[in-house]
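With chain H's structure known, arrange chains C and E on it following the hints.
Residue numbers (numbering that gives the first Met the number 0), protein chains in the order written: chain H, 0 to 328; chain C, 0 to 328; chain E, 0 to 328.
Just to be clear, a hint being listed does not mean it is correct.
Treat identical chains as interchangeable: a pair holds within one or across any two.
Calculated pairs, DMTMM-like style, for lysine to aspartate or glutamate (alpha carbon to alpha carbon, straight line, at most 25 Å) [to be verified]:
no.	residue 1	residue 2
1	208	283
2	52	76
3	52	62
4	188	21
5	52	35
6	52	106
7	188	62
8	52	314
9	208	280
10	208	20
Rather than coming from a laboratory, the hints here were simulated on the basis of the structure.
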Amino acid sequence: MPRSKKSAAPNWTRKHLLGLEDMTAQEILTVLDRADAYLPCVTQARPCPPTLKDRTVLNLFCEDSTRTRTSFTFAAERLGARVFQFHAATSSLNKKESLIDTARNIEAMGLDAIVIRHQERGAPHRLAEAVACSVLNAGDNAHEHPTQALLDMLTIRRRLGRLDGLTLALVGDVRHSRVARSNFFGFSKFASRVICVGPPVFLQALDVKAETATDLGAVLPECDAVMMLRVQFERHESVQFNVDEYIRGYQLTPARLARARPGAIVLHPGPVNRGVELTNEVADGPQSVILFQTTCGVAVRMACLELCIGALDRERRSRTAQARRDRRG
Amino acid sequence: MPRSKKSAAPNWTRKHLLGLEDMTAQEILTVLDRADAYLPCVTQARPCPPTLKDRTVLNLFCEDSTRTRTSFTFAAERLGARVFQFHAATSSLNKKESLIDTARNIEAMGLDAIVIRHQERGAPHRLAEAVACSVLNAGDNAHEHPTQALLDMLTIRRRLGRLDGLTLALVGDVRHSRVARSNFFGFSKFASRVICVGPPVFLQALDVKAETATDLGAVLPECDAVMMLRVQFERHESVQFNVDEYIRGYQLTPARLARARPGAIVLHPGPVNRGVELTNEVADGPQSVILFQTTCGVAVRMACLELCIGALDRERRSRTAQARRDRRG
Amino acid sequence: MPRSKKSAAPNWTRKHLLGLEDMTAQEILTVLDRADAYLPCVTQARPCPPTLKDRTVLNLFCEDSTRTRTSFTFAAERLGARVFQFHAATSSLNKKESLIDTARNIEAMGLDAIVIRHQERGAPHRLAEAVACSVLNAGDNAHEHPTQALLDMLTIRRRLGRLDGLTLALVGDVRHSRVARSNFFGFSKFASRVICVGPPVFLQALDVKAETATDLGAVLPECDAVMMLRVQFERHESVQFNVDEYIRGYQLTPARLARARPGAIVLHPGPVNRGVELTNEVADGPQSVILFQTTCGVAVRMACLELCIGALDRERRSRTAQARRDRRG
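Next up, chain H with everything else stripped away, as it sits in the complex (with noise of 0.2 Å):
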């Protein structure tokens, strides 16, 4: 039986997080709130609580990720869980076992959370109904990736002290971006404005309903936030794509950022590719808050590790009573 154990979110019932499109304002804040409670944690290696202490967690990421993987290794070590790597390209799958199949038996070897990266859209959604543990979206294509975005979010609300009224550019290859995707449902639900910038080629097809724009320039002046997305270079292959005139239109350069609101802030999710979605100067200026994105990606994690992990606790206890009920007859 999974230890009893005081929820600090006694509202949270979801055991998956797959995607911010069908997450609530208030659930979005409880992670956000929490996260801020492990913001201390990660900033000044202050000990944090062992909340996951005699916890398995699986990193199934079957798409190669430096710093989602490391983000969630970190965050679930550092509330003292155990973190097993899968490295897609030396496992099983090797021997055409399918992923399911391989979840599945590393759920059997007691698991209480998969962490999946997957090339496949809904491939997050596939395993939560395969299995009875949590299941959290690192990235499945171009369609989510909840936790970038409320790791965005946090950084906002810490920068610029609110998620509502706010006015927030999504700029650069925006059909290919599930952060831009997440980060758009995400906003939404808190009445701020999201434009997606970039060349027509960007904006075409968008499956989502949001405001666009070509024009950097003429956006500026109303952001708040300005969030430079990566350019795919790997994905583009059957576009039209010009490196050059994309830095002419859209790279974020000193000039183009003096016009945005004052005490605008600059984001990106990383990797940055210096010099083409922006300058050094940007990169590293007083505006950026690239850094400070990686730090609240951990405490974010670490907070919907807990969340999630808290509701599959209360699932199983749940599901432990009733069959004692049933065999009482």
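Frame of chain H; chains C and E shown alone:
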């Protein structure tokens, strides 16, 4: 000096676990009883006693293995040990150092046990002669895979209530199977009958004196447990093997399984080739204990690590005491 | 705020460990004394004080290294720290992010130390300028490998009782050896004599003012310790090098070793090319301290991590105090 600790198995004297061939029935029962006690730790996220705290285990896998490596890792960490993963591909083996030199070198950093999987028969035995710490065989070619057989035995004892007087079919690629060999050695010590079933090409030149049969349908009515072996396609280049013929003759289907004894269970060491060794209906059906095998695997490996390191501690203590006597006198 | 903790070495002020060239004799002794106290933890499975509990160390290895990486991992974990392994091959370096950006990013997740091995001379020094946490050099090209030299010094002090007044031969590929350079810097501070011995091609263009010799037989009678350097076949493409000639002139055989001073010891940083630098009889003989070097390596790295992170803590505390004073005005 290793910490003194009351052992739960005072008669256990094996420092190494190399194979079932030379283990006694009593030793096997000692492992299974201990593993039984650990099962709730695996299935119910109960905290385990940290009996291997401050111990270090080296996972020395010279062949791919997700499951066994993961299972040993979970087992050791659950008891509080640290596990160091040695990846043969990125190691100094590339600099032509011998495996023994590598192992002795890491042992000099302070090791309690080495878990080894190796493509050469007898490699764990040679390693055990070269190091002072415990060595556990995690599979050496087609020779032995003792913890797999022990987990199969625990699974069967839990589900069928006993280890003796049973009839067990090992179906398929018996000749290439260390799993079959170790199970044959194990069950032979308990007055259970083991029948190796497969096409003649898989039964030729068996080096154990097992009963064999080529007609699965004729054997099934006597079986309490059917263990489907993995078809190891990667090893069949030199053997005439037709997968369609194999499926016609040996795939476990619901119709075939219906002919086995009432309550018969289906085992598979994994990873399953779905649609080859068995159908989805059987793999996911009520008689399948495949996922429970995985759970038992962690408990068995906890028991093996604890027992072997316990014996190592007693050896270290007696060597220290002897050295003290030698100095005095 | 980092936890306050009484330091065992109040005069140690180095946050980074980059090389022996600029360390004082007193600093070297501080490391060796601390390491000495840790040796029983390594050799006797004694629990270590968790002085680095809740700390995170990043192993940033951009070149293959089983031993050094393993040794740093064991050292950090033995003191209670978490170690995150960064594999350059699977990291975002592939996405062309610079090493500095990667390191600063992971640092923002909460790091106390980075252990770096890099193929470029000076890479650890450049990293140390870019991050706020501690940086330990685990080998930068043919420049320095300070923890290797410190473990050699600990080995020699334990076996020969002192560091001064000794004669030490560094035999072989001196020109490509960071081990030789760091040992030269280390022993030079203790009035010991270091002789670099090898064929002329390996002694050319040495950038340290070391005594050199080409005739091993002539040098051995003066030697208290003979350190055989690894022939790095992978680096010799551009150099004329004949392995048979090398063996005839420089392989340490029992006959040659018999000419050294009574009680002389044989060191090798590993991995040994058996049959090249030395024969099996010498490698496994009573004068070989090769495995003891490995044991000393863990103790030395425990000391280095603890001392550097201790200095980092003092720097963090004084910065926090300064910030408080600044706010008060």
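Okay, the hints, checked on the actual structure:
1. 208 / 283: For residue 208 and residue 283, neither the intra-copy (33 Å) nor the inter-copy (42 Å) Cα distance is at most 25 Å.
2. 52 / 76: For residue 52 and residue 76, the Cα distance is within 25 Å both inside one copy (9 Å) and across copies (12 Å).
3. 52 / 62: Classified as neither: same-chain Cα gap 28 Å, cross-chain 32 Å, threshold 25 Å.
4. 188 / 21: Classified as within; 10 Å inside a copy, 58 Å across copies.
5. 52 / 35: both (21 Å within a copy, 23 Å between copies)
6. 52 / 106: So residue 52 and residue 106 pass the 25 Å test inside a copy (17 Å) and across (24 Å) alike.
7. 188 / 62: Classified as neither; 30 Å inside a copy, 47 Å across copies.
8. 52 / 314: Cα proximity of residue 52 and residue 314: one copy only (19 Å, versus 31 Å across).
9. 208 / 280: Neither: 33 Å inside a copy, 44 Å across copies.
10. 208 / 20: within (12 Å within a copy, 62 Å between copies)
Of the numbered hints listed earlier, those contradicted by the structure are 1, 3, 7 and 9.
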